[in-house]
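Number of protein chains: 2
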Amino acid sequence: MKIEMICTGEEVLSGQIVDTNAAWFANVLMDHGLELQRKTTVGDRMEDLIGIFQERSKLADVILVNGGLGPTSDDLSAEAAAEAIDVDLVEHTGWREHLEEWFAKRGRPIPASNYKQCLLPDGAVLVDNPVGSAPGFRLKINNAWLFFTPGVPVELHRMVEEQFLPFIKQEFGVTQATQLTKLVTIGHGESTLADQLTALPVPPGITLGYRPSPPHVEIKVFGRGDDAIAAMPDYVAVIKKTLGTAIVTDRFPSIAEEVHNLLIEKQVTLGIAESCTGGLLSSQLVEFPGSSAYLKGGLVTYANTAKEEILGVAKDTLVKFGAVSLETASEMAIGARQKLGSDLAIATTGIAGPDGGSDEKPVGLVCIALWDGNQCWAQALQLSRRTRGLVRVMSCAVAHDMLRRRLLDQDPIVDYPFITRVDAQMLSSK
Amino acid sequence: MKIEMICTGEEVLSGQIVDTNAAWFANVLMDHGLELQRKTTVGDRMEDLIGIFQERSKLADVILVNGGLGPTSDDLSAEAAAEAIDVDLVEHTGWREHLEEWFAKRGRPIPASNYKQCLLPDGAVLVDNPVGSAPGFRLKINNAWLFFTPGVPVELHRMVEEQFLPFIKQEFGVTQATQLTKLVTIGHGESTLADQLTALPVPPGITLGYRPSPPHVEIKVFGRGDDAIAAMPDYVAVIKKTLGTAIVTDRFPSIAEEVHNLLIEKQVTLGIAESCTGGLLSSQLVEFPGSSAYLKGGLVTYANTAKEEILGVAKDTLVKFGAVSLETASEMAIGARQKLGSDLAIATTGIAGPDGGSDEKPVGLVCIALWDGNQCWAQALQLSRRTRGLVRVMSCAVAHDMLRRRLLDQDPIVDYPFITRVDAQMLSSK
Numbered sequence: 146m147k148i149e150m151i152c153t154g155e156e157v158l159s160g161q162i163v164d165t166n167a168a169w170f171a172n173v174l175m176d177h178g179l180e181l182q183r184k185t186t187v188g189d190r191m192e193d194l195i196g197i198f199q200e201r202s203k204l205a206d207v208i209l210v211n212g213g214l215g216p217t218s219d220d221l222s223a224e225a226a227a228e229a230i231d232v233d234l235v236e237h238t239g240w241r242e243h244l245e246e247w248f249a250k251r252g253r254p255i256p257a258s259n260y261k262q263c264l265l266p267d268g269a270v271l272v273d274n275p276v277g278s279a280p281g282f283r284l285k286i287n288n289a290w291l292f293f294t295p296g297v298p299v300e301l302h303r304m305v306e307e308q309f310l311p312f313i314k315q316e317f318g319v320t321q322a323t324q325l326t327k328l329v330t331i332g333h334g335e336s337t338l339a340d341q342l343t344a345l346p347v348p349p350g351i352t353l354g355y356r357p358s359p360p361h362v363e364i365k366v367f368g369r370g371d372d373a374i375a376a377m378p379d380y381v382a383v384i385k386k387t388l389g390t391a392i393v394t395d396r397f398p399s400i401a402e403e404v405h406n407l408l409i410e411k412q413v414t415l416g417i418a419e420s421c422t423g424g425l426l427s428s429q430l431v432e433f434p435g436s437s438a439y440l441k442g443g444l445v446t447y448a449n450t451a452k453e454e455i456l457g458v459a460k461d462t463l464v465k466f467g468a469v470s471l472e473t474a475s476e477m478a479i480g481a482r483q484k485l486g487s488d489l490a491i492a493t494t495g496i497a498g499p500d501g502g503s504d505e506k507p508v509g510l511v512c513i514a515l516w517d518g519n520q521c522w523a524q525a526l527q528l529s530r531r532t533r534g535l536v537r538v539m540s541c542a543v544a545h546d547m548l549r550r551r552l553l554d555q556d557p558i559v560d561y562p563f564i565t566r567v568d569a570q571m572l573s574s575k
Numbered sequence: 146m147k148i149e150m151i152c153t154g155e156e157v158l159s160g161q162i163v164d165t166n167a168a169w170f171a172n173v174l175m176d177h178g179l180e181l182q183r184k185t186t187v188g189d190r191m192e193d194l195i196g197i198f199q200e201r202s203k204l205a206d207v208i209l210v211n212g213g214l215g216p217t218s219d220d221l222s223a224e225a226a227a228e229a230i231d232v233d234l235v236e237h238t239g240w241r242e243h244l245e246e247w248f249a250k251r252g253r254p255i256p257a258s259n260y261k262q263c264l265l266p267d268g269a270v271l272v273d274n275p276v277g278s279a280p281g282f283r284l285k286i287n288n289a290w291l292f293f294t295p296g297v298p299v300e301l302h303r304m305v306e307e308q309f310l311p312f313i314k315q316e317f318g319v320t321q322a323t324q325l326t327k328l329v330t331i332g333h334g335e336s337t338l339a340d341q342l343t344a345l346p347v348p349p350g351i352t353l354g355y356r357p358s359p360p361h362v363e364i365k366v367f368g369r370g371d372d373a374i375a376a377m378p379d380y381v382a383v384i385k386k387t388l389g390t391a392i393v394t395d396r397f398p399s400i401a402e403e404v405h406n407l408l409i410e411k412q413v414t415l416g417i418a419e420s421c422t423g424g425l426l427s428s429q430l431v432e433f434p435g436s437s438a439y440l441k442g443g444l445v446t447y448a449n450t451a452k453e454e455i456l457g458v459a460k461d462t463l464v465k466f467g468a469v470s471l472e473t474a475s476e477m478a479i480g481a482r483q484k485l486g487s488d489l490a491i492a493t494t495g496i497a498g499p500d501g502g503s504d505e506k507p508v509g510l511v512c513i514a515l516w517d518g519n520q521c522w523a524q525a526l527q528l529s530r531r532t533r534g535l536v537r538v539m540s541c542a543v544a545h546d547m548l549r550r551r552l553l554d555q556d557p558i559v560d561y562p563f564i565t566r567v568d569a570q571m572l573s574s575k
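Going line by line, the protein sequences match chains Y and C.
If you count the first sequence from 1, position 53 lands on 198 in the working numbering, and the numbers rise without skipping.
If you count the second sequence from 1, position 38 lands on 183 in the working numbering, and the numbers rise without skipping.
Hints are not guaranteed to be accurate.
Remember, identical chains collapse to one label, so a pair may be satisfied in a single copy or spanning two.
What the hints assert, rightly or not - Here are the computed lysine-lysine pairs in the DSBU-like style, where the Cα-Cα straight-line distance is at most 30 Å:
hint	residue 1	residue 2
1	K147	K203
2	K460	K314
3	K250	K147
4	K285	K460
5	K327	K203
6	K250	K506
7	K250	K314
8	K285	K203
9	K285	K385
10	K460	K327
11	K386	K261
To be clear, the hints were calculated from the coordinates, so they are not data collected in a lab.
Source: prediction; values computed, not measured.
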C-alpha cells in the first residue's frame, strides 16, 4: 500500500506554520507499522490543488489530504476535489442539520460561511468530525482513496485514529495485530544505541526505529503479528538489559514526566535550586498538572549574593571553589532542602555559554547535586560543543535522572557514553 | 520564477525530525520577496530520488534539494542526480585537497567515508560549505537549476544566504532592492491585526504578511523597489500608530529578548517570583547570554508555605484573598524585590489548569504584579479556553510586557483585545 500525504495552505508552504501535522501523521503510521512514501506541500491556488490531486492519485493507493476545509474563501480543498473528477459540490443535509443543531444549542445563528462546509463533492463519503465544524470526507480519484482532513491538529488526530486507520486497514487487508513499545533513553547517540542492538538477534516480525529528540533518543520496538507480539516481552527485556542505564522510561514520552509521576507515586516532595538552568528544571515539572502535590518550590539563584542569601551557600565556599563547583552545588541543594522543607533537593550550577568560560572551567561545565538529608551526590559534567540551549536541556535531563534513580533506590550517578563526567563526590550527612 | 524544494531522508519523511529546514527556507524566501511553490518530501530510495529530480525539474525553474550529502551509505543525492542526467560522478580535486588539509591540521587521518563527499555529478558546479565537510553543488536538469544542500541547518543557512540567493537573483534578474521590517505583537489575533491594517492604504510595492507563533503574531512589512523602500518608514510609523500597544518589539524576535536587552541597556536589575509559570519566566530570560548582568534570581513558590517563608507573603493575605489574588501577587513581588535586592520585581500566580479551578476562580485566572519600590501594579487576567501550556506562555508574555512598559516609563497595564482583564489595582509605596 503506497501512502502519501498532501499538505495544503500558504501558511504551511511559506513556513508561517512549522508543519507538525505531517510529522505527527508519519509517526502514527509508523506506530501502526505503515510507511509514508511521499509528502507534498502546496499552497491555496485552485489549479495547483486540482493538479496535485490528479497527479498523485495516479501513483498512490491512499492519500491523506490535510487542510483547506475551513469556512473562508481560501479553503478550496472540497471544490478542487470536485473539479478534479468533474462532479458538482452537493450539500450534505446530515451535516447541515448537525451544524444547525450545534449552533441552536448555543443560542447563536449559524454563520453564513459555515454553510460552505456542508458542501462535499458528489459521491464523497462523509468522515465525521466530533470536535469541529468542518467534516472530513473520502473520495476515490483514479487509483487512490483520498482522505480529506482539517488542519486543526486535534481534529486531524481524531479523524486519523478513529476513521482513517481503521478504514485503510480494512480496505487493504492489514488485519494483523500490531504492538508498539517505546523506550526513552538519555546520554546516548542514535548510533551507539543501534550498534548495541543490531548485535542482538531480532525475533521475526519485530522492527526497531529510532527517534532523536534532545535530550532523548526514543527507541520504537514494533511487532506485527501474534508471534511477534508474543515475543515482545522477552525481546524488550533483553534490550533493557543490554542498554542498562540508558533507558529512563518505558511509560512516558520524557524523563521529566517519569520523574513527575514517580514523585507523586512515592509521595516524595522536592525542592529545586537552579543557576545555569535558570528555572527550566522546575518549569519542566510544572508543565504537568498535579505538580503542586510535590513541588515545594524552586530557587533560581543566578547571582552569587542570591546563592549566599537565599540558599545559605558559604561565602568561603564560593571564594575557594567558585560558583561552579561540586561544593557550591552541594551547598545549594542542602540550602534548598532546608529553605523549602522538602524531602529531596536538587541543584544545578554551570557555565551555559557562549561566554563566561575559562581554561580551568570551560563553557559547558555543569555541576549537579542531589541531597536527601542523609547523603549528597554531586557530579561535574563537561557538556562541550553544545549550544547554550542544549547545555541547559542536557543538564536538566541528568538532574532528572539523578532524581529518578534516587527514587528507585539506585545510585544516582551513572555513566552515559555521550556525556563526559569530569568529577564526582558523595558526602554523608553532616 | 517557479521555486520548489525537495526534502530528502527517511528521518524527515517519517516525522522522526520535524522539518524546520523547510519552514526556515520558505521564510527566508519571503524575506527576499520570493515565493515557494511546492515542497516535496521523499525518503532515501534511489529510484524515488531519481524520479523526483526528473519529474520536478521539468516543471520548476529552481529547486533547492536538502539532505543526502552526508558520508554514509544512505546519502544518495549526488549519485541520484548523476543518474538522473546519465553522467558519472567525478572527484572534485579542489574539495579533496580542502578536506585533506582540514583533517591534516587537526592531526587526524581523513576517514574513508569522507572521500565519497568529493564526488560530484560531472558538470556540476561546486557550492562552498564553509562550515562542514559536505560540499553543495548546483546542476541543471531539464528546465531547472537544482541546488543541492546539506541537511545540517547551519550549513544550509550559510549556503542559501551566501550562494543560493545571490545566484538566483542574478540568474533570474531579480535585481530590485528589497527591505523587510518585522513587528512583533502580543495580545491580538491575526484577524484583528489584519482588519485594522487592511483599512489603511498600502504604498505600492509594499506587502504585508502575518506569522502567528504564540504568544506572538509577527507582522512582516515587505518592500520591493526603491520607491517602496523610501515609503517604508512612514508606512511602518502609521502601522505602529494604528496598532498602538499591540507592538512589543521591532528589533528582536520575541518580547523576552526585548526585555532582556532593555534591562541590560537601562542597567536595571530584576527579581522574579513565580507560582503558575513555575520557572518559565526566568528560564525565558536565562535563555539569552548575558542575563546574569541583571537577573538577581527567581523564586518559584509553588506551595503556600513557600510563599510565606521564602517571600514573606502574610498568612492573612493568603487566607483572606487566596493564593491567586492581586494581593498575594503584589506581596510576592514585594517579597522578591526585598529578598533578591533587585530594582524591579515581577510576580505571577494563577490556575494553569486543567484542574484546580472553582466558580469564583476558574482555570485560567492569573494575577501578575510588578513592584519598583515605589509603585505596585497588579492585574488579574482570565485566560480561558487555553491549554495549561498556553496559559503559562501567555502569562509570561504579559509579565514581560509589564516590565517592558515600565522600563520605557509607560503605564505597565494596558488592554489587549484577545486577553480578558478582570481586575487591576495600583498601590503606591507602603
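Cα distance capped at 30 Å. Does K460 pair with K327 within a copy, between copies, both, or neither? neither (47 Å within a copy, 46 Å between copies)
Identical-chain pair category, K327 with K203, by Cα at 30 Å: neither (36 Å within a copy, 43 Å between copies)
Alpha-carbon proximity between K460 and K314, which holds within one copy, between copies, both or neither at 30 Å: neither (67 Å within a copy, 61 Å between copies)
Up to 30 Å between alpha-carbons, please classify K386 paired with K261: within, between, both or neither. For K386 and K261, the Cα distance exceeds 30 Å both inside one copy (57 Å) and across copies (37 Å).
How do K250 and K506 come out at 30 Å by Cα distance, when the copy is not named: within, between, both, or neither? between (66 Å within a copy, 26 Å between copies)
Intra- versus inter-copy proximity for K147 and K250 (alpha-carbon distance at most 30 Å): neither (43 Å within a copy, 49 Å between copies)
Tell me, please, which holds for K147 and K203 at an alpha-carbon limit of 30 Å: within, between, both or neither? Classified as both: same-chain Cα gap 11 Å, cross-chain 24 Å, threshold 30 Å.
Alpha-carbon proximity between K285 and K385, which holds within one copy, between copies, both or neither at 30 Å: neither (45 Å within a copy, 50 Å between copies)
Checking K285 and K460: alpha-carbon separation at most 30 Å within a copy, between copies, both or neither? Neither way: K285 and K460 sit 75 Å apart in one copy and 67 Å across, limit 30 Å.
How do K285 and K203 come out at 30 Å by Cα distance, when the copy is not named: within, between, both, or neither? Both: 11 Å inside a copy, 28 Å across copies.
Measure nothing new, just compare the shortest in-copy and cross-copy C-alpha distances for K250 and K314 to 30 Å and report within, between, both or neither. neither (37 Å within a copy, 56 Å between copies)
Consistency note: the structure conflicts with the earlier hints numbered 2, 3, 4, 5, 7, 9, 10, 11.
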